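Those sequence lines, one after another, are chains D and H.
So in the working numbering, the last spot in the first sequence is 285, and the numbers never skip.
So in the working numbering, the last spot in the second sequence is 241, and the numbers never skip.
Think of the hints as simulated: they come from the structure by calculation, not from any bench.
Just so it is clear, the structure is predicted and the values come from calculations on it, not from any experiment.
Treat the hints with care, as some may be off.
[Claimed, not checked] Below, computed lysine to any residue pairings styled on SDA-like, alpha-carbon distance capped at 25 Å:
| hint | chain 1 | residue 1 | chain 2 | residue 2 |
| --- | --- | --- | --- | --- |
| 1 | D | Lys85 | H | Phe77 |
| 2 | D | Lys53 | D | Pro94 |
| 3 | D | Lys160 | H | Phe101 |
| 4 | D | Lys160 | H | Leu32 |
| 5 | D | Lys263 | D | Asp51 |
| 6 | D | Lys81 | D | Val50 |
Okay, here's what each chain looks like letter by letter:
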Amino acid sequence: MKKLMSLLFAAVVLVAGVAPALAETTLEKISRTGELTIGARTGSPPFAYVDAKNEWVGFSIDLVEQLVIPSISKKIGKPVKLVKKESTPPTRIPLLSSNAVDLIAGTMTDTRTRRDSVDFSITFFVTGAQFLVKKGSPIKGIGDIGGKRIAAQQGSTNAKIIRERVPTGQLREFPDQPAAFQALVQGQVDAFTNDGIQLAGLKVKAQNPADWEIVGDFYSYEPYGMAMRKGDADFRNAVNNGLFEGIESGKFFELYDKWFGPKGELPYPMSAAVRSFMLYQVVPK
Amino acid sequence: MKYQFNWSVLWSGQSGQWLLSGLILTLELSVLAWLMAVVLGTVAGAFRTAPWKPLRAVATFYVEFFRNVPLLVWMFFWYFGVPPLLPRALQDWVFAHSLEFWAAVCALGVYSGARFSEVLRSGIQSIPRTLIEASVASGLTVAQAYRHVILPIALRLIIPPATSESLNLLKNSSVALTISVAELTFQTRQIETYTAKAIEALTAGTLVYLVLCVTIASIMGWVERRTAIPGLITGGRGESR
């Protein structure tokens with residue numbers, strides 16, 4: 001019993017010792033450590049992935065490195081180093097709440113439900129869900145998936161929509177994209193649903209891109225934002241200011257072109273509507 | 001900035017239903033895999049101590065091959081690796097009949113069987129050699145000695161470590177979510193997807209696993225007491241602690 005009490009006591013002391021650290025704001029934490037820790041994907045080209053040279057790169061990572069970090073270091077008045085950690089849909093919110101990472105820079109859709117738990121930056125990319133199928137498949141869109149086996153990424157908004165709209169579709173949810181795509185390649189599933197841009201990313205990386213087709217109209221709206229701990233307005237402003245300045249100066253569009261332009265990793269031209277949407281998000285100085 | 005707990009996500013909406021369906025699938029998966037593991041483990045464990053070399057070699061190969069490769073790899077092997085080896089028609093049939101579930105049962109059963117067999121072997125080896133000699137001297141064949149004397153004693157001896165292995169099996173069943181089996185851990189993630197409340201969902205899953213494991217451990221403890229042979233295997237309980 002005595003042993004148990006002293007153990008309990010030790011636990012209390014430990015928790016109490018950690019508590020003040022939890023109370024500091026994200027900017028204070030960055031200022032103390034000199035590091036901004038982001039959670040990024042490793043298998044979501046071209047947003048964040050490990051490339052052929054074994055480097056962890058992507059559009060989302062560039063946005064943080066070239067727009068967000070300068071804004072934060074201006075705010076706190078000292079240089080900030082970028083630290084990357086892997087995050088996946090099921091782990092990203094816990095990583096944030098446990099302070100393991102400060103910012104999720106990947107392919108996370110901003111939703112009202114998620115806003116109950118985390119805050120989001122402005123939208124930096126818009127896409128919608130579609131289906132990836134073998135060329136010539138009878139599946140042409142969300143209307144054709146009843147009774148079919150559909151792979152989805154676990155923890156994604158797409159799976160949720162399919163379940164609600166087409167309850168007869170047999171969902172198979174995988175924790176990551178490569179496994180889901182492998183299941184499609186081998187025929188375990190008839191289609192793989194994900195955000196259109198991510199499917200396009202998988203398609204160009206496939207062995208024979210011509211064998212695969214992206215079909216269907218967008219059946220969802222997926223605005224990507226960077227997520228951070230809730231209620232930290234100063235940090236959120238610093239992140240948003242970085243993005244605002246990038247959009248204003250044109251740097252944002254340059255980075256977009258680097259990844260999605262005609263010579264980019266994944267050609268996906270930005271529509272005029274999306275361009276105006278990006279510009280309209282920027283609030284004046 | 002501080003995380004806002006909201007425990008009501010666990011009983012509002014469909015969360016309860018999801019947890020229940022996940023729990024049922026976890027139990028189905030674990031029970032089937034456990035039966036497979038016990039059969040494979042008993043045979044392999046007995047073979048490993050058998051006085052005939054080829055039997056020992058086969059069993060040793062099975063144990064070392066299957067327990068030394070991570071379970072995750074076995075999940076992928078049975079789900080992605082095996083189907084292409086089947087004829088086309090059979091392939092279509094398994095794809096349409098919850099391949100992921102049966103792949104997970106095989107992966108977990110065969111893997112745990114290898115671990116289980118080591119537990120049984122240590123049980124058999126802890127029995128004095130003279131016992132088997134006495135059995136054979138009394139007119140039993142070696143196979144009969146195993147079946148009527150050695151295994152009944154060994155299986156009783158190994159109940160405590162076998163309980164641990166069984167609990168491991170139950171908890172390892174969560175790896176099946178990597179091949180899209182919607183078991184308990186999967187469902188806790190599902191709740192997270194819908195509510196963005198990961199910590200609450202994980203806590204619920206943890207509690208369910210804990211209750212399951214404690215229940216199994218107590219059942220096994222009861223089995224141990226009920227099957228104890230008076231005078232042969234005592235101690236370790238109650239008075240001698």
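Hint-by-hint comparison with the structure:
no. : hint                : result
1   : D:Lys85 - H:Phe77   : 28 Å, violated
2   : D:Lys53 - D:Pro94   : 30 Å, violated
3   : D:Lys160 - H:Phe101 : 22 Å, holds
4   : D:Lys160 - H:Leu32  : 30 Å, violated
5   : D:Lys263 - D:Asp51  : 16 Å, holds
6   : D:Lys81 - D:Val50   : 20 Å, holds
Checked against the numbered hints above, the structure breaks hints 1, 2 and 4 and satisfies the rest.
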